[in-house]
Amino acid sequence: MYTERNRKNLYDDKIFSSCAIFGMINLKGERFTSKEPVRAVSCMRERGNGLGGGFAIYGIYPDFKDTYAFHVMYMNTRAKKRVERFLTRNFRILLSEEIPTENSDVILDPPIFWRYFLEPLPPRLKDERADGDEYVVNKVMKINAKIRGAYVLSSGKDMGVFKGVGFPEDLAEFFRLDEYKGYIWICHARFPTNTPGWWEGAHPFNILDWSVAHNGELSSYGTNRRYLEMHGYKCTMHTDTEVIAYAFDLLVRRHKIPVELAAKVLAPPYWEEIDAMEPRKRLMFMALRQVYRSLMMNGPFSVVVAHHGELIGLTDRKKLRPLVMGVEDNVLYISSEEAAIRFISPNLDKIMRPSCGEIIIGRLERSRVMEIPTFTRMVQIK
Amino acid sequence: MRSHLLPEYIVERDYTKCTRCKVCIKQCTYGVHYYNAVKDTIESKSERCVNCLRCVVFCPKEAITIKRNLNNYRENYYWTQETITSIKRQAETGSAILTGMGCDKPYPVYWDKLLLNACQVTNPPIDPIREPIEIRTYLGRKPTRIELEINSGDISLKTDLAPNLCVEAPILFAAMSYGALNLNVHEALVRAAIECGTYFNCGEGGLHSNLRKYGNHIIVQVASGRFGVDLEYLNAGAAIEIKIGQGAKPGIGGHLPGEKVSEDIAMVRMIPAGTDALSPAPHHDIYSIEDLRQLIYALKEATEYMKPVSVKIAAVHNSAAIASGIARAGADIIVIDGFRGSTGAAPRVIRDNVGIPIELALASVDQRLREEGIRDEVSIIASGGIRSSADVVKAIALGADAVYIGTAALVAMGCTLCQRCYTGKCPWGIATSNPEIAKRLNSADAYRRVVNFMRAWSIEIKEMLGAMGIDSIESLRGNREQLRGVGLTERELRILGVKIAGE
Numbered sequence: 002m003y004t005e006r007n008r009k010n011l012y013d014d015k016i017f018s019s020c021a022i023f024g025m026i027n028l029k030g031e032r033f034t035s036k037e038p039v040r041a042v043s044c045m046r047e048r049g050n051g052l053g054g055g056f057a058i059y060g061i062y063p064d065f066k067d068t069y070a071f072h073v074m075y076m077n078t079r080a081k082k083r084v085e086r087f088l089t090r091n092f093r094i095l096l097s098e099e100i101p102t103e104n105s106d107v108i109l110d111p112p113i114f115w116r117y118f119l120e121p122l123p124p125r126l127k128d129e130r131a132d133g134d135e136y137v138v139n140k141v142m143k144i145n146a147k148i149r150g151a152y153v154l155s156s157g158k159d160m161g162v163f164k165g166v167g168f169p170e171d172l173a174e175f176f177r178l179d180e181y182k183g184y185i186w187i188c189h190a191r192f193p194t195n196t197p198g199w200w201e202g203a204h205p206f207n208i209l210d211w212s213v214a215h216n217g218e219l220s221s222y223g224t225n226r227r228y229l230e231m232h233g234y235k236c237t238m239h240t241d242t243e244v245i246a247y248a249f250d251l252l253v254r255r256h257k258i259p260v261e262l263a264a265k266v267l268a269p270p271y272w273e274e275i276d277a278m279e280p281r282k283r284l285m286f287m288a289l290r291q292v293y294r295s296l297m298m299n300g301p302f303s304v305v306v307a308h309h310g311e312l313i314g315l316t317d318r319k320k321l322r323p324l325v326m327g328v329e330d331n332v333l334y335i336s337s338e339e340a341a342i343r344f345i346s347p348n349l350d351k352i353m354r355p356s357c358g359e360i361i362i363g364r365l366e367r368s369r370v371m372e373i374p375t376f377t378r379m380v381q382i383k
Numbered sequence: 262m263r264s265h266l267l268p269e270y271i272v273e274r275d276y277t278k279c280t281r282c283k284v285c286i287k288q289c290t291y292g293v294h295y296y297n298a299v300k301d302t303i304e305s306k307s308e309r310c311v312n313c314l315r316c317v318v319f320c321p322k323e324a325i326t327i328k329r330n331l332n333n334y335r336e337n338y339y340w341t342q343e344t345i346t347s348i349k350r351q352a353e354t355g356s357a358i359l360t361g362m363g364c365d366k367p368y369p370v371y372w373d374k375l376l377l378n379a380c381q382v383t384n385p386p387i388d389p390i391r392e393p394i395e396i397r398t399y400l401g402r403k404p405t406r407i408e409l410e411i412n413s414g415d416i417s418l419k420t421d422l423a424p425n426l427c428v429e430a431p432i433l434f435a436a437m438s439y440g441a442l443n444l445n446v447h448e449a450l451v452r453a454a455i456e457c458g459t460y461f462n463c464g465e466g467g468l469h470s471n472l473r474k475y476g477n478h479i480i481v482q483v484a485s486g487r488f489g490v491d492l493e494y495l496n497a498g499a500a501i502e503i504k505i506g507q508g509a510k511p512g513i514g515g516h517l518p519g520e521k522v523s524e525d526i527a528m529v530r531m532i533p534a535g536t537d538a539l540s541p542a543p544h545h546d547i548y549s550i551e552d553l554r555q556l557i558y559a560l561k562e563a564t565e566y567m568k569p570v571s572v573k574i575a576a577v578h579n580s581a582a583i584a585s586g587i588a589r590a591g592a593d594i595i596v597i598d599g600f601r602g603s604t605g606a607a608p609r610v611i612r613d614n615v616g617i618p619i620e621l622a623l624a625s626v627d628q629r630l631r632e633e634g635i636r637d638e639v640s641i642i643a644s645g646g647i648r649s650s651a652d653v654v655k656a657i658a659l660g661a662d663a664v665y666i667g668t669a670a671l672v673a674m675g676c677t678l679c680q681r682c683y684t685g686k687c688p689w690g691i692a693t694s695n696p697e698i699a700k701r702l703n704s705a706d707a708y709r710r711v712v713n714f715m716r717a718w719s720i721e722i723k724e725m726l727g728a729m730g731i732d733s734i735e736s737l738r739g740n741r742e743q744l745r746g747v748g749l750t751e752r753e754l755r756i757l758g759v760k761i762a763g764e
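Read top to bottom, the protein sequences are chains A and B.
First residue of the first sequence? That's 2 in the numbering used here, and the numbers climb one at a time after it.
First residue of the second sequence? That's 262 in the numbering used here, and the numbers climb one at a time after it.
Please keep in mind that the hints were generated in silico from the structure rather than gathered at the bench.
Don't take each hint at face value.
Incomplete in silico selection of chain B near chain A, CB under 8 Å [as the list claims (entries may be wrong)]:
#1 Glu-392
#2 Glu-395
#3 Asn-412
#4 Leu-495
#5 Gly-634
#6 Gly-730
#7 Ser-736
#8 Arg-738
#9 Gly-739
#10 Asn-740
#11 Glu-742
#12 Ile-756
Derived pair list, reagent style DSS-like, types lysine-lysine, alpha-carbon separation capped at 27 Å [unchecked claim]:
#13 Lys-257(A) / Lys-282(A)
#14 Lys-143(A) / Lys-760(B)
#15 Lys-328(B) / Lys-760(B)
#16 Lys-29(A) / Lys-143(A)
#17 Lys-82(A) / Lys-127(A)
#18 Lys-349(B) / Lys-328(B)
#19 Lys-235(A) / Lys-349(B)
#20 Lys-419(B) / Lys-257(A)
#21 Lys-147(A) / Lys-760(B)
#22 Lys-282(A) / Lys-686(B)
Given the structure is predicted, the values throughout are model-derived calculations rather than measurements.
Using N, Cα and C, we set each Cβ at its ideal position, and we do this for glycine too.
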């Protein structure tokens, strides 16, 4: 099996893929069902090939709002036993249950899906001198790296990732997503190009409540990965997308950089543009680019990134992958294709195509779409 | 004592072409060619020829051919021509054999066993003619994170940035001292550095007053001889480099013989004219890492923390641990100089047997600093035997921030690697301080050649980056995923941190 081969690999590895991405947020925080997002992503069936699909949904566990919800995938029961032993040692488990699934003709050979609602054990927290988030990141890294056949698909509060091998609409049926309601949905349809799809390789990727669905291929993966490893992240999924999730976690959660500027780390302005900025702004962008140069994401990408309260869309600074946004009433849509948005929302108020490296942010608390002026334009080389 | 040595090269002259114009006589600084008035012909003393090709290039009639002497000792795989000749020479002179330039022995060249990636289908290559590809690099210490102050929508930077050197291409001119080279060469290099947006390292021989006006493109070096070092010198450059070692001669000091120490060189080096300029093997105030720390901070104090301080070491067996110590001692840049690095003069036995390849040293230093979480506290400059833009790209993918080039820049000016720099008779006017020979090197012409070749390398680097789908050099730095090895053992691959081709 591919996974086994990969696991023995000593060095970096990554899987290429091209895909469809879709995200929508209700800016008032009202929760909605799977109907629209699933219809939208299925509209872009052409962009996937049935070897991977997935969803991240925010606001699905209102009863366990303040506990970490772990979605874990097990390839075998032995892995489950080991993980549960590990979780018992480190967390108070409020609830442990199987994620309900539907038998399906098209979803073949699914692994075991389980979810846990967890609170870090206070004494262990104290031992490790970590806050809850830091503690959870460390534990997730440990499970993914050390326990064979077990993958933590998501680890945020009041959210969850559902993903696997299949077309997204079939996976939605398999995971019975019509039973969930959330105020942000991000979806992904995958077209892996050089490997058979495998379950843990599907998108969205997640750490804490950061989820990323990605269309593209990062040529900077080797640089990004080695930098993140220096900061304690372990890249265990063998796919380039996970570095985007970790990059956001590092920049926004750990280093307290606003999302708008974090996006400028991933897709920075050209030096020529930085040189032309007024001095204060120039210093800021120079500092960002110097210090976080290894987090610059190079190569084609468009991503939708979500965490609680925010839905973000971003492309690389040459915009080598498509991304459009639409707004209707209180809903912001971000999609690979305009057709997917129009399919579910025929009376859109506004449709926009962000330019190279421009970030789209749908932010809950302010109930409006924030845009920061784009600094990144194509420039002519001397 | 009658010399038993055989001429290495034989000069052949086509007398049907030769017009006896005597250009060859004038050009040869080793006195190979001479005019025989009796026969009205030009003849050659082949035993003096070093194959520098000066006469061949300048002969207007293409009448001269230099050939390897076919009169060789009996074939012997073990006792090579060079070993036999060396012993014979030492038997006649009783001294260590000197040489110039870098190690020329057939040790493995890892650059040539590493191949680069390119995009196909899933990822579009970028065409550097149509789209911007950035190769600007900042060298120096970086803070580990940025702290911002956010007040009601206004964001300001709280973190102070350390002084950094900005290079428009990740290539700098390596330390080559005034004394080893003449002022024409220095001037050509520093002007080329300005034109190319990079830096020129003046080496350990001080900085000539004529060049001080170019100071913001000069790295000044402090070596064990401390030649020309005073407060004004330290503040004259954009950065300061402490030279601990040199790839061509790790653990060995320097010796500029008194006959080369002209009035001018003596003045710049701050020593009496005609005396030997001796650089001790160690710095006599650095016997351990804590002493290095003191020197680093003494230099920083002297320049009010306005300039990055770099430390240059030769690539030796435990470079990784040494580099870690240097980073912790407060250096902003670490230069690692591989065993292929060149020199103006070194005992051949040292040049050819001491030190390790830069590729392996670089890979292990980069990995070690990452494991210790201090990689971004210093920049790494790889040095010693960078021959092409491909070597530059591979060095950066292995983990370097930038490279130093020395030999390549000299070759661009005219050097043919005849390895006789230590004689001071460089027929190309480069490694000589004899004013009559030095004037052969036209500073403006040499400048143009260096600028052209740097431009060519920049274009090639952008082409390679574009093919990999990378539009900025920082995404190549340490990106070993873009490299694959061929013909390497499992262990070599592991040290280099690259996969084998096909994997």
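Each hint tested on the structure:
With a cut of 8 Å, the hint placing Glu-392(B) at the interface with chain A holds, because the nearest CB-to-CB distance is about 6 Å. Using the Cβ-Cβ criterion of 8 Å, the hint placing Glu-395(B) at the interface with chain A is satisfied: the shortest such distance is roughly 6 Å. For Asn-412(B), the shortest C-beta to C-beta distance to chain A is roughly 12 Å, which exceeds 8 Å, and the interface hint is violated. Hint status for Leu-495(B): violated, given a least beta-carbon distance of 25 Å to chain A, over 8 Å.
A cut of 8 Å between beta carbons decides the hint on Gly-634(B): the least distance to chain A is about 5 Å, and the hint holds. The criterion of a C-beta within 8 Å of any C-beta in chain A is met by Gly-730(B), whose closest approach is roughly 4 Å, and the hint holds. Interface restraint check: Ser-736(B) against chain A, minimum CB-CB distance 4 Å, threshold 8 Å, status holds. With its C-beta approaching chain A no nearer than about 6 Å, Arg-738(B) sits inside the 8 Å limit, and its interface hint holds.
Hint status for Gly-739(B) relative to chain A: holds, with the closest Cβ pair at about 5 Å, below 8 Å. A hinted interface residue such as Asn-740(B) counts as satisfied when its beta carbon comes closer than 8 Å to some beta carbon of chain A; here the least separation is about 4 Å, so the hint holds. Satisfaction of the interface hint for Glu-742(B) is found here, the shortest Cβ-Cβ separation to chain A being roughly 3 Å, below the 8 Å cut-off. The beta carbon of Ile-756(B) comes no nearer than 12 Å to any beta carbon in chain A, farther than 8 Å, and the hint placing it at the interface is violated.
At most 27 Å may separate the alpha-carbon atoms for a hinted pair to count; Lys-257(A) and Lys-282(A) meet this at roughly 18 Å. Between Lys-143(A) and Lys-760(B) the CA atoms are separated by roughly 25 Å; this keeps the pair inside 27 Å, and the hint holds. Straight-line distance between C-alpha atoms of Lys-328(B) and Lys-760(B) comes to about 43 Å, which puts the hinted pair past the 27 Å bound. As the CA atoms of Lys-29(A) and Lys-143(A) are separated by approximately 37 Å, the hinted pair breaks the 27 Å bound.
Among the hinted pairs, Lys-82(A) with Lys-127(A) is consistent with the structure: their alpha-carbon atoms are about 26 Å apart, no more than 27 Å. Among the hinted pairs, Lys-349(B) with Lys-328(B) is consistent with the structure: their alpha-carbon atoms are about 22 Å apart, no more than 27 Å. Between Lys-235(A) and Lys-349(B) the alpha-carbon distance is near 60 Å, which puts this suggested pair outside the 27 Å criterion. For the hint linking Lys-419(B) to Lys-257(A), the alpha-carbon distance of about 12 Å falls within 27 Å, and the restraint holds.
In summary, the hint linking Lys-147(A) to Lys-760(B) is supported, as the alpha carbons are separated by about 23 Å, within the 27 Å threshold. Between Lys-282(A) and Lys-686(B), the direct Cα distance comes to roughly 54 Å. Violation of the 27 Å bound is thereby established for this hinted pair.
Against the hints set out earlier in the document, violations occur for numbers 3, 4, 12, 15, 16, 19 and 22.
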